Amino acid sequence: METPSRSFNGLYVIVGVALLAVAAITIWDASTMRIRAQYGVGADAASYLVAGFLILLAAGHLVGAFRKSDELETEPTDWRAIGWIGVALTGLVGSIGLGGGFILGSTLLFAFTARAFGRKALLVDLLIGIVLAFLVYLLFHGLLTLHLPEGPLERLF
Amino acid sequence: MDVLLNLAEGFASALTVSNLIFALVGVFIGTAVGVLPGIGPALTVALLLPVTFKLDPGGSLIMFAGIYYGGMYGGSTTAILLNTPGEAASVVTALEGNKMARAGRGGPALATAAIGSFVAALVATFGLAFLSPIVVQIAVRFGPWDYFGLMLIAFVTVSATFGSSPLRGLTSLAFGLWLGLVGIDQLTGQARLTFSVPQLLDGIEVTTLAVGLFAIGEALHVAGRHLRNPEKPIPVKGSPWMTKEDWRRSFFPWLRGTLIGFPIGGLPAGGAEVPTFLSYNLERRLSKHQDEFGKGAIEGVAGPEAANNASAAGTLVPLLTLGLPTSATAAVMLAGFQQYNIQPGPLLFVQHADLVWALIASLFIANVMLLVLNLPLVGLWVRLLAIPLPWLYGGIMLFAAMGTIAANPSVVELLMLVGFGAIGFLMRKFDYPIAPAIVGLILGPMADSQLRRALQMSQGDPMILLQHPSSAVMIGLATLALVAPLIFKGLSKMQSDED
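Chains as they are written, first to last, in this note's numbering: chain A, 6 to 162; chain B, 520 to 1018.
If you're looking for bench data, these hints aren't it; they were derived computationally from the structure. Owing to the predicted nature of the structure, the values given are computational and were not obtained by experimental measurement. It is possible that some hints are incorrect.
Claimed, not checked - With a cut-off of at most 20 Å between alpha-carbon atoms, the simulated EDC-like pairs for lysine to aspartate or glutamate come out as follows:
| hint | chain 1 | residue 1 | chain 2 | residue 2 |
| --- | --- | --- | --- | --- |
| 1 | B | K948 | A | D34 |
| 2 | B | K807 | B | D765 |
| 3 | A | K125 | A | D83 |
| 4 | B | K948 | A | D83 |
| 5 | B | K814 | B | D765 |
| 6 | B | K814 | B | E764 |
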């Protein structure tokens, strides 16, 4: 997203429309609720309240979008760095989802996050990551008996 | 004196080996996350929620409170030596503190911050101990309508005080409230906004939202702005001790900071930032050394540092007595109580009196521990700042993943975490505050059930909220807090148009 330089604030228009969409989903969801409360109001009341609040905020954003005073200056974003963190998170989710386990996923997460922050020595970071993930696994799985997903690396011991 | 008797019993239970260890671990972690940029007490407690699930409730809560107090101490170190505050509550400290460090007076700046934090936390924790039973006396008479009114005040003030505009704060709050709807309604068993995804039936985990918005959002934000090579901390030169003059000039700012911080922390006014700014402005006005302000005036460090610690204690008053969090950390701590099926509120002081008083006594102990950890060991904490950012954020991400996976090891949960991370990044980039969303998720379902309990009693008539004078006043205050800034803004705009 670029800095809005038009006569209206593009960000506010996007947020306003998004809020309206969420409100619409919420109202639709509330209208399908079948369980009624015996006294007072049912579970759908809160849904309608929040949806109303969202619509008010959407209106606020859409009105504010055409006001000069609400212009927003943002710094440019390095999308490549964001992309590397995306790779890191994909590594984590992929590893957990495909049965690679906690240690493998965390190692990828650590190394590629470091890459996003400008580190070039990926192999070194992978090594540091695996040691760190291993220690965390031992501490929390072994000592605190937390259930962390297991993969080939965890089954080694 | 009931309070002293209760406190004595609290100390007896707080001074057991295991509780002392919990307190020590808490203040240690708290100071570390306070020192480190990009990770604060709210996030840390959120990460520890799933980890501490199986531990002793009393011990875990003592540890959480230690983290809260420790974060307030640690933030000042970064603010003084690095000029990039570790916590929002230390932004003001950087103004004068960093100038002092540059002028070779880093030692006295750190000392006045640490001792001021100690004095403030000591006085304010006494305030907590003596005030809480009084608030409880009033709170036992509260009906569901009163709680609903209180929560409305908290919603408005939290949204209005964080962030650059009320519209943005309220939008963040609405996001949290909306997430609070997701899951099975506890009163009727009706599923809301679950879209037939079984993992959503239990609702959104506070840990997942907090970790996504705070940790992952922050990592994306910092990486995207190329803030990769931070400044080096200024080495502490010269005498680390405060001179007699420093003591004289710090003493009253400490007390005044405490008097400002404690009540404001207790009001639902959101966080420790406001009292630090107020304290700074007050000291600036009262100081006999006006010329030094902006160049490293010790009053400008002493006052705000006392104020932020006092506000941490103040925040615990409504949290423990009413179950009402007034800062992001308190909101996450409330989730901590709830995970042990302990509901803070007036009944807490009856049903879990031993736990509450052990917690309060532990705060005194933690405070002493923190003074020791922060004065002689400050060099150790400074060394934490030497960790290269790529590894620091890699480590933060690793722990973030661990916390979420430990809470709920499913791909759906991780995808939600990534989604919240992306939203947290966009919120930071476009200046939407994060804290109201967390408060909304935690308080939203509580407000929902209080409102419906009230409406059950009135058989669906919403006027019950206004028929009770107490709740009518609170709803009036909430409306006023929401509308007043808009009116004042409109007035000043009209005046400037006339000019």
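A quick look at each hint next to the structure:
1. B:K948 - A:D34: violated, 31 Å
2. B:K807 - B:D765: Roughly 13 Å separates the two Cα atoms, so the pair holds.
3. A:K125 - A:D83: Holds, because 17 Å separates the two Cα atoms, which is no more than 20 Å.
4. B:K948 - A:D83: holds, 12 Å
5. B:K814 - B:D765: The given pair, whose Cα atoms are some 15 Å apart, holds under the 20 Å limit.
6. B:K814 - B:E764: OK: B:K814 and B:E764 at ~17 Å, within 20 Å.
Hint violations for this structure: number 1 only, all remaining hints satisfied.
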